[in-house]
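Hey, can you work out the whole structure from these sequences and the hints?
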Amino acid sequence: MPTLRDRTGVVLDGWIRVETAAEAVDGARIILPWAEDLVLPEGHPADMTGLHIPNDLDPEAMTRFFAQLGLISVAFPAFSDGRGFSIARRLRGMGWTGRLRAAGPVIADQFAYLLECGFDEVETPEKLDARQPQPQWEAALALVSLRYQRGYRGRQSILEARRAPRGGAA
Amino acid sequence: MYRYDEFDAQIVRERVAEFRAQVARRLDGSLTEDEFKPLRLMNGLYLQLHAYMLRVAIPYGTLSSRQMRQLATIAERWDRGYGHFTTRQNIQFNWPVLRDVPDMLAALAEVEMHAIQTSGNCIRNTTSDPFAGAATDEIEDPRITCELIRQWSTLHPEFTFLGRKFKIAVTAASRDRAAIRVHDIGIEIVRNDAGETGYRILVGGGQGRTPMIAKELRGFLPRADLLPYLEAAMRVYNLMGRRDNKYKARIKILVHELGIERYREMVEAEFARGDRGAAPDAEETARIAAYFTPPALIPRDAGGLAQACAAHPDFAAWVDQNGHPHKVPGHRAMTVSLKPVGGAPGDATAEQMRVLAKAAERFSLDEMRVTHEQNIVLPHVAEADLFALWTLLKSQGLDAANRGLVTDIIACPGLDYCALATARSIPVAQAISTRFADPDRQREIGPLAIKISGCINACGHHHVGHIGILGLDKAGVESYQITLGGEPANDAALGARTGPGFAYDEVPGAIDTLVETYLGLRQPGETFLQTYRRVGMPPFKDALYADAA
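Residue numbers (the working numbering), protein chains in the order written: chain R, -14 to 155; chain U, 18 to 566.
None of these hints come from the bench; they were simulated from the model.
Computed from a predicted model, the values in this text were never measured in an experiment.
There could be a bad hint or two in this list.
Keeping only pairs whose Cα atoms sit at most 20 Å apart, straight-line, the calculated SDA-like set for lysine to any residue is [said to hold, decoys possible]: (1) U:Lys54 x R:Pro90; (2) U:Lys182 x R:Ala63; (3) U:Lys54 x R:Asp66; (4) U:Lys54 x R:Pro62.
With the Cβ distance kept under 10 Å, some of the chain U side facing chain R (calculated, not the full set) [what the hints assert, rightly or not]: (5) Asp25; (6) Ser47; (7) Thr49; (8) Lys54; (9) Leu56; (10) Gln168; (11) Glu175; (12) Thr177; (13) Met251; (14) Arg260; (15) Pro297; (16) Asp298; (17) Asp457; (18) Glu461; (19) Gly463.
We put the beta carbon where it would ideally sit given N, CA and C, even for glycine.
Structure below.
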């Protein structure tokens, strides 16, 4: 079973992945795969509907579904394929405020970056867990407390920290 | 030069601790070799032919004496007593042991240095004009912009797992000494009609197996927009760049395939959408700029320079050949050549590093620059001190008077060190340099840039050499292709191939033939490149392949 974690630790995955809208069960939180002719299940509440997208999809294509969704899951086919970082930034920039999940074999060393780019949670395959159990994810997050960039989430921005004593607005 | 504040120091310390933990996790199996590889590369650690290689970042090539002395100490303590200055204005140590690397990084951190992002598919060390702050033809010191980019690009959460490496160069001078046209992004500091300074942005240049000259992305970008604009340009590349083939993953291929107009539309749309969140405020820019305040040099008279030159022809030749005009009268920016005849281009021993540190301390306001030609510049030397400086440099064989001449050869490490190389390059450079050892002949030939790469990845910049040499493997035998007419500066051009390749032993003779052909054809005052541009390839080709015809 894959592991789901957010910045608080390992969490129970309340969502189930289904193949088609027809599989939507009342009262279940479902994640559908992206399709060109995507039809979301009628009447299924937005906060119980999720969508999994490949990382070569133009995030722009997603905006029309925002109101009908509670979660977007972004595929990371490999940890070294960093397109998902920019997809998260784009989705957040376009106004996505719902849950954002990174799904794939990303590694603990990327956890901070994922959170900073706008992901809330990370779903990793079971086989990674044996090598990189939860303490490594927590340790990785604790190791680096600063970053230079502004406008990203999480760690303290050095630019903001320098600005603070000057009394400037963030 | 820029000095770390508490935050800069802390982020480097934390990164060292993080890498120490990553090494431990690799050793205990938490990280596979595939997972560890990009992490170690982002810390400048390569697995080479014989050993690991650690590449240390020298931001925009600027070094203090204290830092140079620490590099000397590192070379002695953890390497074999020398280091290799690179075409990216960095230094490489070729023989470290993996378990020592965290200690080497800690030693670097003591002097505000690191190896972050000197390799890997991320934004690499930003390079610049080695005469920054001294050059007579610059609008301002480009290193203020470089430092902004250094900080912004360090451990960037979004751009640390790009499709391929990403290189940025900045110039503020009318003469481009930073080769911005062969970078992923080239930045030129310019003034618009209203007299405001801003940025001209070029994109999609590069060398490697598919060399391309950069195209203009934006003619004038207001200063405050630089980082948000770079973020937009990087985001489009990260989302759209090819991931199916590492040889087609650089931004030059994306720009080529989309066309510059389409790429520009996408970047401008992304930029328009953005919230300018990345931009530093004016105070932060001013804080950085304060570190690059022009030095308070007092105009001086030449203090006996003419007499010393008259008495010591070797010294006179060095001043003439290795000197560059300085903003402040009575001063020069001096190039210390790391290309002694028969030497390995860019190598310096620990003792030489210490002499360079001493020279900078005494004669150049404690500052040095590493050039992409693999030499060292002392940017602020009073003419009255030149003889004392030369005497000091001579004590360690650092007095070669050959900047820009036929023996000032750029060469990648090649098959002697590099796991990617297909042929040797350092020994080829040594053989050519030895053949042209006569200093009078070198001066007679005049400016001539020979650049040698030991494989198609072009780390030796052969595409932009006046004479470029590319070493390949032809069925187990080294074969060297020669190109002519390359140039990295304002009138950037890619070299054209002469024809079939040459065997290892034939290369120095072939170069000699090209040089003799040029000397026979040139008009008064013409350089090799000018002659080539006037007469074209045929006479050179005829001379090279005469025997075969």
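Measuring from the C-beta of Asp25 of chain U to each C-beta in chain R, is the shortest one below 10 Å? holds, 8 Å
Regarding the hint that Ser47 of chain U lies at the interface with chain R, is the smallest CB-CB distance below 10 Å? holds, 5 Å
Quickly compare the C-alpha distance for Lys54 of chain U and Asp66 of chain R to 20 Å and report which way the hint goes. holds, 14 Å
Holds or violated: Lys54 of chain U as interface residue toward chain R, Cβ cutoff 10 Å? Holds: closest Cβ of chain R sits about 9 Å from Lys54 of chain U, inside 10 Å.
Identify whether the interface hint at Leu56 of chain U stands, where standing means a beta carbon of chain R within less than 10 Å of its own. Nearest chain R Cβ about 6 Å off; hint holds.
Taken at face value, is the distance from the CA of Ala63 of chain R to the CA of Lys182 of chain U at most 20 Å? At roughly 17 Å apart (the allowed maximum being 20 Å), Ala63 of chain R and Lys182 of chain U satisfy the hint.
With the threshold set at 20 Å, check whether the alpha-carbon distance from Lys54 of chain U to Pro90 of chain R stays at or below it. holds, 15 Å
Chain R contact restraint for Glu461 of chain U - C-beta distance below 10 Å: Since the shortest Cβ distance to chain R is 51 Å, the answer is violated.
May I ask you to test the interface hint for Gln168 of chain U with respect to chain R, counting a Cβ-Cβ separation under 10 Å as satisfied? holds, 4 Å
Interface hint check: Thr49 of chain U, Cβ to nearest Cβ on chain R, cutoff 10 Å. Holds or violated? holds, 7 Å
Would you check whether Glu175 of chain U satisfies its interface hint, that is, whether its CB is within less than 10 Å of any CB in chain R? holds, 5 Å
Holds or violated: Lys54 of chain U and Pro62 of chain R, Cα atoms, limit 20 Å. holds, 17 Å
Hints 17, 18 and 19 from the list above are not met by this structure, while the remaining hints are.
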